[in-house]
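Colleague: This is what each chain is made of:
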Amino acid sequence: MQSGSTLEKLPIGKDSDRATLDRARKTLGTIILGKDGQIGLALSCLLARGHLLIEDLPGLGKTMLAQALARVLGLSFRRIQFTSDLLPADIVGVSVFRQEKGEFEFQPGPIFSQLILADEVNRATPKAQSALLESMEEYQVSVDGNTRALPDPFFVVATQNPADQIGTFPLPESQLDRFLMRLELGYPNEENERELITGEDRRSMLEDVEAIATADILLRLQKAAAGMHMSEPLVDYIQALVRQTRESPDIDIGLSPRGALALVAAAKAHAFVEHHSGVYPDDIQAVFTVIAGHRLKPAGNTTYRSAAELCQHVLDSVAIP
Amino acid sequence: MAKARGTDGSLLESLPWTLFALVFSLVPHFQFLPWWISAAFIVCGIWRFSIEKRRRPIPPTWFRGALALLCFLGVLATYSTVSGVGPGSALLAIMAALKLLETLKRRDQFVLLFISIFLVMSSLLREQHLWSLPYLLVAVFLIMTAWLRISSAAGQKARRSFSTSGRLVMYAAPLAIAMWIFFPRIATPFWSVPMDTGTGTSGISDTMSPGDISSLSLSDAVAFRVEFKGEVPAPRDRYWRGLVLTVFNGRTWTGNDPFRGARVHEQVVNSGRPVEYTITLEPTRQQWVFALDMPWNWTLERTFMGRQQQLIRARPIDQRVAYEAVSYLDYRTDVDLTEFARSFYESIPTQSNQRTQELAKRMRNTAGSDAAFIEAVLMRFHEQEYYYTLEPPPLGNNSVDRFLFETRQGFCEHYASAFAVMMRAAGIPARVVLGYQGGEMNPMGGHLIVRQSDAHAWNEVWIEDIGWRRVDPTAAVAPERIEVGRSGSMFNGAGAAWGFDMPSVLLHRMTLYWDAMNATWNEWVLGYGPDNQDKLMKWLGMDDPDWRKMMLTMIAIVIGIVLLISLVLSLRYRPPKRDRAAILYKKFVRKTGIEPSTGETPATFAVRVDGESVMPAETVDAITSTYLDVRYGPPNPQALLRLESEVRNL
Chain A
1 MQSGSTLEKL PIGKDSDRAT LDRARKTLGT IILGKDGQIG LALSCLLARG
51 HLLIEDLPGL GKTMLAQALA RVLGLSFRRI QFTSDLLPAD IVGVSVFRQE
101 KGEFEFQPGP IFSQLILADE VNRATPKAQS ALLESMEEYQ VSVDGNTRAL
151 PDPFFVVATQ NPADQIGTFP LPESQLDRFL MRLELGYPNE ENERELITGE
201 DRRSMLEDVE AIATADILLR LQKAAAGMHM SEPLVDYIQA LVRQTRESPD
251 IDIGLSPRGA LALVAAAKAH AFVEHHSGVY PDDIQAVFTV IAGHRLKPAG
301 NTTYRSAAEL CQHVLDSVAI P
Chain B
322 MAKARGTDGS LLESLPWTLF ALVFSLVPHF QFLPWWISAA FIVCGIWRFS
372 IEKRRRPIPP TWFRGALALL CFLGVLATYS TVSGVGPGSA LLAIMAALKL
422 LETLKRRDQF VLLFISIFLV MSSLLREQHL WSLPYLLVAV FLIMTAWLRI
472 SSAAGQKARR SFSTSGRLVM YAAPLAIAMW IFFPRIATPF WSVPMDTGTG
522 TSGISDTMSP GDISSLSLSD AVAFRVEFKG EVPAPRDRYW RGLVLTVFNG
572 RTWTGNDPFR GARVHEQVVN SGRPVEYTIT LEPTRQQWVF ALDMPWNWTL
622 ERTFMGRQQQ LIRARPIDQR VAYEAVSYLD YRTDVDLTEF ARSFYESIPT
672 QSNQRTQELA KRMRNTAGSD AAFIEAVLMR FHEQEYYYTL EPPPLGNNSV
722 DRFLFETRQG FCEHYASAFA VMMRAAGIPA RVVLGYQGGE MNPMGGHLIV
772 RQSDAHAWNE VWIEDIGWRR VDPTAAVAPE RIEVGRSGSM FNGAGAAWGF
822 DMPSVLLHRM TLYWDAMNAT WNEWVLGYGP DNQDKLMKWL GMDDPDWRKM
872 MLTMIAIVIG IVLLISLVLS LRYRPPKRDR AAILYKKFVR KTGIEPSTGE
922 TPATFAVRVD GESVMPAETV DAITSTYLDV RYGPPNPQAL LRLESEVRNL
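Protein chains in written order, with the numbering used here: chain A, 1 to 321; chain B, 322 to 971.
Some hints here could point you the wrong way.
Distance ranges between label pairs, derived from CB positions [stated by the list, open to error]:
no.: 1; chain 1: B; residue 1: Gly-932; chain 2: A; residue 2: Thr-147; range: 25 to 35 Å
no.: 2; chain 1: A; residue 1: Ile-253; chain 2: B; residue 2: Gly-932; range: 31 to 41 Å
no.: 3; chain 1: B; residue 1: Gly-932; chain 2: A; residue 2: Glu-137; range: 28 to 38 Å
no.: 4; chain 1: B; residue 1: Arg-385; chain 2: A; residue 2: Thr-147; range: 45 to 55 Å
no.: 5; chain 1: A; residue 1: Glu-138; chain 2: B; residue 2: Lys-912; range: 35 to 45 Å
no.: 6; chain 1: B; residue 1: Pro-956; chain 2: A; residue 2: Ala-89; range: 38 to 48 Å
no.: 7; chain 1: A; residue 1: Glu-137; chain 2: B; residue 2: Pro-956; range: 30 to 40 Å
no.: 8; chain 1: A; residue 1: Ala-319; chain 2: B; residue 2: Ser-887; range: 44 to 54 Å
no.: 9; chain 1: A; residue 1: Ala-319; chain 2: B; residue 2: Arg-869; range: 28 to 38 Å
no.: 10; chain 1: A; residue 1: Glu-191; chain 2: B; residue 2: Lys-478; range: 27 to 37 Å
no.: 11; chain 1: A; residue 1: Ala-319; chain 2: B; residue 2: Lys-912; range: 19 to 29 Å
Covered by chain A, according to a simulated footprint, are these stretches of chain B (three or more residues, beta-carbon under 8 Å) [said to hold, decoys possible]:
no.: 12; segment: 910-923
no.: 13; segment: 946-952
Hints listed in this document are in silico derivations from the structure and should not be mistaken for laboratory results. Where a beta carbon is used, it is the ideal one built from N, C-alpha and C, also for glycine.
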């Protein structure tokens, strides 16, 4: 069902907020072709008030997805290109001495936007990375002893190249935990790739797209998503999944309680995005890999080659109550 | 610098519960405890709580030890012993209070709750009222709740603890009832509770000195209850005979040794119709047994009739007893009295009450015959200025003289004493009978209530060829006291006395209701002894019940109840899998003939089933989406019905 759903099949929500969400999803689908599942997950991530990490090879549309999200959701957008010489002040901003006023004035950095694209976050030094990651956790930044609140909503969409590329500083587990989801986009299929090659230029298409939602609508949607019904058996299911990650011999470090909470929040948001009457097992399975993938530490001797395979193995070994 | 060594405040959550359970268990003891123990208890409770609140250290060991010793000596000084119910519960209470001062951990609180249970149970050694059982249940319930509060994880809702402990008490109730019914009762207990002597003696004392008591307290307490088999005698015939006083020393009447008894059938000749009844006598801690004048037969064991036709039991009545009795209102006794006996019943100290003696002799001469003389004395009480009062002035020496000629105010004892002295002075054998007179019918319970306030004294005079005859001089003074009884008038204005404007009739009715309930309680619960148990066992079909059979039955029933409760609990426990929607879905899965793999969601399973084309895709999708809705969505009874019909139509 999940995999077979097309944009046209999406029912139109009753209230206008939902309809807006559905339209936003549809519009995103016209820009990022053939990635309906990933778009749903990205939207779920934002509705669950989480930050998103997109990990894939260059040229697969990571930046495009982030830009399209900001555009369609009507959020103020800034892009920070992470390089090895990026300094924290380049992110949060700096106080500049104004001659005419005779005082320091804070010059806000790019972080003071509603949606930040942290491009190639693993290229920067840990010092610069942590400046970003702290603000993601605290929703505020401290500059020169002053604490400044970040806008609400505040999302970070970070992209990173797989760690085996040259010149990267891989994010440690504790910092990966700050991201609610880690998403992989993957190659488009033949049909979509053909349309991509022959069709209109995606960048100019993006410029024509109008903002569909607003920050206020997004805040309301977040509230509604958090209120999704989660039945008792599915709480059992989540607990069983978490227990399995802790007990499986293939996994060294299983999901923490924070990981379990992330799973609940993401599953609720996903159920909301998918118009389910409550959280279904499919919602949990859909978000499980992107939630757990970057939080688990596989055992050294495991036969599973990727986090996705490992997560699928966990899903396959826990019965759905 | 010394380390701060206060409490860590971790008991703040559970300590109030424990304290409350403890105080609740102690409340039934309060009225019996010396005031300083109750006060110490409250002080210790508040002290301990404030220690926890302010995170102060608990008092040092030497201080606690000294305090414990001091309290022990205090109990010893108050009771001059440490054994018995009174000192025992006092010690228990004060040590529980002191235990509070060293309560630091959970374990200490458990000890406190154990003590609470012990306190609650020991209150039954003193009183077993009708309300004792509900109070006990509530106390156990509160103790269990406090227990749960201590042992449960922090943050459990109080409502949850209450409902859990309520359930636990409920599960225990059938076990307790079964054990109560079947545990073999024995006539003489293995142990006896040492009762506090000197306290709690109620009812009639075995001497009478009318001048000494200046006011008679009217206790409303029940002396005994009577259930008549046939017609109820009229109030003026309801003389409940107790003890007989025969010796007068000028001031005090005493009885003589009643144990040189004779058989009732040798003493009493009866005629007329017998009155059959059952008496439930409250404990008096005395040996006197009361019965309607004149008793002929009774079922109380080890009870004999003394020489003066008084009933006496070989051991004191220290718990409630019930006995059947037969009496004859019309009787003759001691028709032939020996010379020695006559002189015994005529003797009075010659030195005292001389004015009375002169008056009696003068009146006897004027009257001409014994019968006329008795009549004349009664007329004197009736016609001259004698008053019936419950608060007479004290009389001092020569009490009869002072009463007859000066104060002229008194209650039954004064008149009975004066009458007997006058009779004896005139050479007529006379004696005083103490007992109860009258009683109030309780229409609710159909029984007669005789209260302590119905206590009465009257006379018997010996007349040639007739024997002892009952004469009640009080009836001459206050006939309404005898005809109506005192109880009826007691409730006039009782409502006003309590400060609320309730019609006294209503109050009276409520009192009677309460009494009827108490009578039933006494008969069926507190009176459940070996006899009743034997009867009940036979009625239940156990032939020849003995303790082995009852014990085995009890064990079998207890095991049965435990199994039943476990069964009910295991049936009531429904794992979430077994809900209706899951069962229906399972039925659908069986019908498809395809085995879902572990971790396969209904939606992916539906895709697979559609691929196999075993049934129409619409059906599969409809059932799957309805099932997801019912099982994982918010409660939706319509969807469940839809799922049921969809699966049925397969």
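Colleague: Now, for every hint given, state plainly whether the structure supports it.
Modeller: Tested hints:
no.	hint	verdict
1	Gly-932(B) with Thr-147(A): 25 to 35 Å	57 Å, violated
2	Ile-253(A) with Gly-932(B): 31 to 41 Å	38 Å, holds
3	Gly-932(B) with Glu-137(A): 28 to 38 Å	45 Å, violated
4	Arg-385(B) with Thr-147(A): 45 to 55 Å	52 Å, holds
5	Glu-138(A) with Lys-912(B): 35 to 45 Å	55 Å, violated
6	Pro-956(B) with Ala-89(A): 38 to 48 Å	54 Å, violated
7	Glu-137(A) with Pro-956(B): 30 to 40 Å	37 Å, holds
8	Ala-319(A) with Ser-887(B): 44 to 54 Å	28 Å, violated
9	Ala-319(A) with Arg-869(B): 28 to 38 Å	54 Å, violated
10	Glu-191(A) with Lys-478(B): 27 to 37 Å	57 Å, violated
11	Ala-319(A) with Lys-912(B): 19 to 29 Å	20 Å, holds
12	910-923	holds (count 6)
13	946-952	holds (count 3)
Hint violations for this structure: numbers 1, 3, 5, 6, 8, 9 and 10, all remaining hints satisfied.
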